[in-house]
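Trainee: Below, each chain spelled out in residue letters.
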Amino acid sequence: MKVGGTAPPRGTSYEGPRRFWQDLMSMLRTLHALVLREARVRHGRSRIGYAWAVLEPFAVISVMTLFFSGLGGGRATSTEFPIFFATGVIPFQYFRHASSFVGMSLEANEPLFNYPTVREFDAALSRLLLDTITSLLIATMVFCFLMAVFGASLPAHIGYMLVSFAGLGLLALGIGLNVAAMQRRFTMSHYVYNMIMSPAFFVSGVFYSLESVPPDFRDIIIWNPIIHGIEGFRVGYYASFSDQHLSLSYLFFVDLVLIFLGMGQLMLSRRGMM
Amino acid sequence: MIHFEGVTKTYRLRDGARRKVLDNLTLTLPHRNIAVLGRNGAGKSTLLQLIAGVVDPDRGRVRRDVRVSWPIGFRGSFHGQLTGLENVRFVARVYGVDVRALIDQVAAFAELGPFLNEPVRTYSSGMSARLAFGLSIALKFDTYLVDELLSVGDANFKVKSKAAFNQLMTRSRMIMVSHSIPAMREYCDCGIVVSDARAVFYDDLNEAVAAYRAQNQ
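Chains D and S, in that order, give the protein sequences. Using the numbering used here, you'd call the opening residue of the first sequence number 26 and step up by one each time. Using the numbering used here, you'd call the opening residue of the second sequence number 684 and step up by one each time.
The reader is advised that the hints may include incorrect statements.
Which chain D residues stay away from chain S? Per the calculated CB distances, all over 12 Å, these [to be verified]:
hint : residue
1    : Pro136
2    : Ser223
3    : Phe285
One side only, chain D facing chain S, incomplete, derived with CB under 7 Å [claimed, not checked]:
hint : residue
4    : Gly41
5    : Arg43
6    : Arg44
7    : Ala58
8    : Asn139
9    : Pro224
10   : Gln269
11   : Gly297
Read the hints as simulated data drawn from the structure, not as lab findings. No experiment lies behind these values; they were computed from the predicted model shown. All C-beta atoms in this analysis are idealised placements derived from N, C-alpha and C, irrespective of residue type, glycine included.
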């Protein structure tokens with residue numbers, strides 16, 4: 026009988042002096058394992074599995090787009106609004122879903138932290154990665170749908186869209202980390218977060234642009250970091266879209282602050298200090 | 684060797700108060716089979732968690748120059764929706780070992796046959812215990828952590844797992860928490876007694892047992 030056959034690579038038990046390279050490899054392995062596991066678990070019971078994770082939101086976004094375009098149907102510009110709406114709802118749903126998903130990452134994976142190589146931050150980051158991949162697939166499908174049905178044009182600056190998308194992803198990570206760490210102490214945290222976020226759809230510029238709203242209203246909602254991600258996404262999609270009120274640096278600044286706070290909370294919770 | 688350097692660890696209780704589990708502990712654990720003794724709630728499991736590095740001290744640090752396992756036989760990480768194989772694969776990926784080789788080893792030991800391809804939620808508790816134990820001893824660590832062990836499965840499996848464990852101990856060492864002093868005597872030759880936020884190492888297990896008994900009187 027063969028026991029203890031395979032020795033894990035050095036560094037997996039955080040033994041010996043810390044080496045950046047070892048720690049990084051260890052983290053990448055853990056992320057890889059977690060992403061595959063999360064993808065499998067999330068739709069494990071369904072026969073078509075992961076495909077459902079892409080198809081369902083695609084259907085929701087398409088139906089919402091058709092519904093909202095029906096509302097503006099009388100106007101001459103009726104093919105413009107669905108495209109405008111879709112370029113808002115895609116990044117918005119990405120942020121909404123990812124932040125919530127990351128927010129549950131600790132509670133859902135708590136037993137895994139008995140493996141020394143699996144860190145809390147890995148669990149949060151792997152959920153963000155999975156949702157980012159999924160959302161990019163959804164976005165691609167929706168744009169194909171828009172081009173086929175409404176004759177939408179190709180994105181003007183795809184790099185700009187991706188940067189805005191990344192800004193929203195990091196925002197989801199920052200908020201998710203904080204919610205997940207608080208969830209460890211207050212089990213209601215996740216419900217409270219979802220409650221706070223329920224009006225977000227209306228104040229994040231999903232169906233209007235910062236340019237088009239009254240200045241008094243704009244002065245308030247411009248503090249909402251989500252709106253900058255969505256505006257940025259549109260500035261990237263349209264060849265000429267006013268970026269007068271847009272500040273991606275504000276979005277990334279908020280991202281960094283929240284991620285920093287979230288990591289601090291994680292560190293305190295690992296020490297049992299909160 | 685595992686070094687505790689000025690380690691303080693507290694826990695927050697439900698009412699918000701703090702309880703000290705370890706207070707400024709400086710201690711070096713030799714690479715031997717070590718028994719951990721202490722009353723319920725004295726902090727034995729916390730000590731193991733600090734050794735494994737799954738919780739961090741409030742102050743101070745723990746240094747280890749040996750590869751430390753997760754608690755042997757731990758199965759809380761098994762996801763009920765995933766099959767036995769998928770759960771094994773996850774651990775193989777996390778530890779960066781060859782997936783196929785690990786699966787072969789675990790499959791040979793756990794004797795689950797076709798059940799390896801079934802979701803873990805369909806397993807009996809004996810079956811998941813066999814899978815967990817097989818997985819724990821398939822990877823090679825320098826020090827294994829043992830939190831109450833070696834009483835899973837039927838008589839046949841007990842004999843088998845004990846033989847496997849003894850074979851493992853020819854190359855590796857373990858740190859063992861148990862309430863059974865005979866089990867400790869069988870494997871360990873030295874001990875740590877945890878009580879009142881202190882942990883004392885005894886070079887001789889008999890001394891450790893005597894100190895532990897003296898506390899309980």
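Trainee: For each hint, tell me whether it holds in the structure or not.
Mentor: Checked hints:
1. Pro136: Its Cβ does come within 12 Å of chain S, the nearest being 4 Å, so this is violated.
2. Ser223: holds (29 Å)
3. Phe285: Phe285 (chain D) clear of chain S: closest Cβ-Cβ about 18 Å, beyond 12 Å.
4. Gly41: holds (5 Å)
5. Arg43: At about 10 Å, which exceeds the 7 Å cut-off, the nearest Cβ of chain S leaves the hint on Arg43 (chain D) violated.
6. Arg44: Result: violated, 13 Å to nearest chain S Cβ.
7. Ala58: Given a least distance of 4 Å, the restraint on Ala58 (chain D) holds.
8. Asn139: Holds, about 5 Å.
9. Pro224: Violated: closest Cβ of chain S sits about 33 Å from Pro224 (chain D), beyond 7 Å.
10. Gln269: violated (47 Å)
11. Gly297: holds (5 Å)
Checked against the numbered hints given earlier, this structure breaks hints 1, 5, 6, 9, 10; the rest are met.
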